[in-house]
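Participant: Listed below are the residues making up each chain.
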Amino acid sequence: MLAFLVRRVLIMVPTLIAISIITFVIIQLPPGDYLSSYIAELESQGESVDPARIAALRAQYGLDLSATEQYLVWAGGLLQGDLGFSFEYQQPVTEVVGDRLFLTVVLNAATILFIWAVAFPIGVYSATHQYSWGDYGLTLLGFIGLATPNFLLALVLLYLGNVWFGTSIGGMMDPAYIDQPWSTDKVLSVLEHLWVPVLVIGTSGTAGMIRRLRANMLDELHKPYVVTARAKGLGPMRRLVKYPLRTALNPFVADIGNLLPQVVSGSAIVSMVLSLPTTGPMLIAALQSQDMYLAGSFLIFLAMLTVVGMFLSDLALAWLDPRIRLGAGTSR
Amino acid sequence: MIPAGPAATPPLLQLRSVRIGFDLPEGQLIAVRDVSFSVPRGGVVALVGESSSGKTVVSQSIMGLLPRRARILGGEILFADPDTPGTVVDIARLPAEGRRIRRLRGRRISIIFQEPMTSLSTLHTVGNQVREAVEVHRLATGRQAEELARDMLHRTGFPDPARAYRAYPFELSGGLRQRAMIAMALVCRPALLIADEPTTALDVTVQARILKLLRDLQSEFGMAMLMITHDLGVVASVADEAVVMFRGEIMESGAIDDIYRRPGHPYLKALMAAVPRFNMGRDERLVPLREIGPAGGRLLAPRDEDPAAGPPAGDPDPVVLRVDRVCMSYAARRGGRVTALDDVSFDVFRGECLGIVGESGCGKTTLARIIMRAHEPESGVVRYAADRESSGPVEALARFRREVQFVFQDPFGSLNPRMTVFDIVSEPLVIHGIGDHASRRAMVGELMQAVGLDIRHLTRYPHSFSGGQRQRIAIARALALRPRLLVCDEPVSALDVSIQAQILNLLRDLRGALDLTYIFISHNLAVVDYLADRIAVLCAGRLVELAPRDVLFARPVHPYTRALLSAVPEPDPDRPLDFGALADARQSIPSEWPMPFRTDDRHRPGLVDVGDGHLVRAAHAP
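Same order as they appear, the protein sequences are chains A and B. Numbered by the numbering used here, the letters in the first sequence go through residues 1 to 332 in order. Numbered by the numbering used here, the letters in the second sequence go through residues 333 to 954 in order.
If you are wondering where the hints come from, they were derived from the structure by calculation, not from laboratory data. Think of the CB as a built atom: it goes at the ideal place given N, C-alpha and C, for glycine as much as any other residue. Incorrect hints may appear among the rest.
[Claimed, not checked] Simulated restraints, written as ranges between beta carbons of each label pair:
1. Ile-284/A x Val-762/B: 30 to 36 Å
2. Ser-771/B x Thr-15/A: 54 to 60 Å
3. Leu-315/A x Pro-417/B: 53 to 59 Å
[Said to hold, decoys possible] If we take Cβ atoms under 7 Å as the criterion, some of the chain B residues that face chain A in the derived model are:
4. Leu-398
5. Arg-434
6. Thr-450
7. Ser-453
8. Ala-465
9. Leu-471
10. Thr-473
11. Leu-545
12. Leu-549
13. Phe-553
14. Phe-678
15. Phe-744
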């Protein structure tokens with residue numbers, strides 16, 4: 001188990017290095033840099049640009065270095081927790097981002113918990129009551145959830161929130177708390193606002209998860225080892241929980257890694273619609289204005305989230321499944 | 333039919349006119365009709381039948397384990413529990429998930445299944461699953477339950493019960509898994525054990541040991557056993573009485589001696605005649621339920637009459653294929669290498685059938701793949717005689733591919749389900765660019781006749797054929813290029829006995845008609861014996877003995893060959909398995925063989941000729 005853990009952690013190192021290189025290449029890909037788009041903007045407004053000043057700025061931001069050197073400076077900064085400097089905001093990236101990273105994590109974690117909490121019982125019910133009215137009804141609901149675009153659902157909820165409660169339910173908290181230090185009231189306000197984006201982002205994931213869990217359970221329900229349990233005299237409920245449910249858990253846990261990027265990318269558009277202070281909208285803006293360090297920080301962060309999520313799901317799998325833990329396939 | 337005991341005590345289990353139907357979308361299918369038999373206390377009854385005879389459905393109905401679509405339409409299943417004398421329960425009337433049937437299941441009636449790997453949960457330890465049976469029925473809890481489980485693991489032959497208790501099923505070998513399954517079934521000391529094909533998935537030496545274990549425990553606990561099997565050899569060795577089923581009905585039942593010596597029903601007679609036995613005369617034929625007559629046509633005429641591709645006249649070399657010192661190993665998961673083949677050498681002569689026998693993991697499939705040139709051996713060579721006549725390696729391989737063909741074990745996996753039979757059989761001709769459309773059509777027609785299939789079925793897809801018919805399609809495909817050498821890797825092990833006889837006879841007839849040479853690989857000694865002229869025995873990647881068929885059976889020399897021969901149950905009540913003399917597992921481990929056979933780091937014996945072309949792997953002639 002320890003060897004597995006060490007190996008698994010070591011694999012993450014080259015993965016992260018590769019991700020940082022790819023991220024850097026992506027943010028360098030558009031022709032020009034932040035200054036050239038800045039100049040173009042100034043010129044379009046009819047202002048003259050002093051070449052000497054531009055050159056000075058270039059040197060100041062390190063844009064005159066070669067791509068490799070720029071990467072090394074940036075990656076070295078990342079290791080020390082320095083995310084670089086945002087050209088657009090004229091502030092260090094860390095300050096620009098503020099609570100956004102944290103709020104993104106909160107939102108996505110809440111969404112995943114929501115998906116599990118809803119999908120699990122429904123999936124099990126659908127599988128054990130295959131082809132019953134309940135199964136058909138829940139399946140229909142799931143398909144509707146799968147087919148509804150997130151942003152549409154967000155708009156509908158915004159409208160209903162306004163009509164029924166008379167308040168704006170956009171954002172992650174009451175506007176009064178924005179940029180305020182954290183307090184109990186602020187946390188409560190976040191919780192109050194959280195359910196709308198969680199519901200919006202989680203719907204399609206829940207629907208997909210229900211389908212997968214139902215299929216997994218149906219595969220397991222008639223396996224010989226379940227018949228064995230029945231032949232032992234186990235009652236239906238105990239049998240279900242101990243055997244097929246336990247086996248069906250594995251793909252469920254393995255799905256965390258899949259779920260994360262899906263949820264994160266799904267939340268970008270919803271965040272625009274609901275004006276959530278998460279990373280999505282700011283990432284899009286940063287990519288448009290070629291604010292490379294800001295964009296790079298977001299991309300790296302999202303990649304880290306996925307890699308860590310995968311790591312956690314692998315750990316959970318190894319804990320759940322002795323075949324992975326003990327290296328199945330070798331018989332003693 | 334069954335000697336009645338004192339009138340006061342009814343038999344332990346009695347089935348009376350049981351009818352079971354399946355509700356299918358196309359209507360009701362009666363799977364079992366009017367089945368009546370009984371199992372006396374402490375007796376062993378075998379329920380014999382081929383696939384889809386309804387024998388498993390009967391066993392499920394006794395446990396109340398019928399699939400959801402199945403229903404008991406009539407009859408009684410009476411269980412008279414010796415623990416509660418005087419009461420008789422009709423299991424057919426109990427609701428499938430009710431409390432009363434659950435109190436019987438696993439406690440008074442237990443079952444073990446064919447496939448011990450899938451019948452045990454991989455995610456729970458053996459100990460957990462064994463003690464669960466005790467705890468469910470509240471016979472014991474905590475440490476006491478653990479003690480009971482360990483004790484039962486000990487009785488079922490685990491050398492280290494404490495370790496087995498903590499092990500997961502996938503850490504055990506197939507035989508040990510089945511022992512764990514038996515421990516789980518017996519831990520509550522049931523009055524009746526149902527064994528549903530308990531040894532079918534196991535090697536023959538392992539099978540013999542499991543049968544012995546079942547027999548020992550059965551008499552030790554005084555429990556009754558209902559053995560469900562298709563293997564008439566197993567029945568003869570284990571059971572007191574037999575019930576023969578065919579298509580959901582009982583054909584015949586009675587004591588073993590009567591059944592085997594005086595089979596009354598035509599089906600049973602036919603079944604007996606279809607099972608290959610040892611020491612059959614050379615010209616004695618198996619009699620399948622339906623014989624197919626092969627017809628060698630004009631196009632299928634032996635190659636030697638073909639002036640274009642025939643060998644030069646008066647070719648003196650009788651060797652078709654030479655396997656010379658072939659070694660092969662695979663990387664093991666935890667470092668190191670696993671030896672698959674070690675120093676395997678033999679010749680295959682023109683027109684003979686060389687049988688290769690071995691248990692699972694002995695390297696026989698690896699050997700077949702190397703012969704087919706699907707793998708390169710690590711060292712050693714496989715030489716095909718005609719290679720010398722070819723101008724270069726590319727031409728030699730093309731010719732090899734034409735002249736050496738393969739028949740696989742699984743007739744379901746080896747035919748592409750999206751191709752029609754015509755496309756499947758004619759594909760080799762297309763690949764090698766032989767003939768035009770018309771001649772291919774004529775050839776395919778002859779091939780279909782040769783394997784006894786209807787030409788009108790050429791436009792059908794494989795799924796509309798039975799297993800035996802599919803295997804015949806596979807044989808027709810293998811014959812399309814008029815090969816010289818046919819490599820058959822377990823071609824009948826997925827088939828029922830009566831179908832197996834059909835295919836074996838077909839292979840035998842084709843060999844004479846088309847002048848073929850066979851390499852016939854199987855785990856079943858009797859099957860190999862029926863077809864082969866010479867038999868090679870493989871064990872742990874080593875060829876341990878190679879001898880003409882009669883010599884091998886009359887005078888086996890190698891300890892492994894002897895163990896193998898003594899473990900085969902014969903369908904003859906006069907010669908049951910000698911459980912007392914049963915060899916232990918050491919006979920399959922080369923480093924445990926006695927001198928001069930021992931093979932380990934210090935001893936590497938080669939093949940020694942002991943006369944009559946009888947080769948044995950030993951340091952010197954024993």
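Participant: So which of those numbered hints doesn't the model satisfy?
Facilitator: 1, 4, 9, 10, 11, 12, 13, 14, 15
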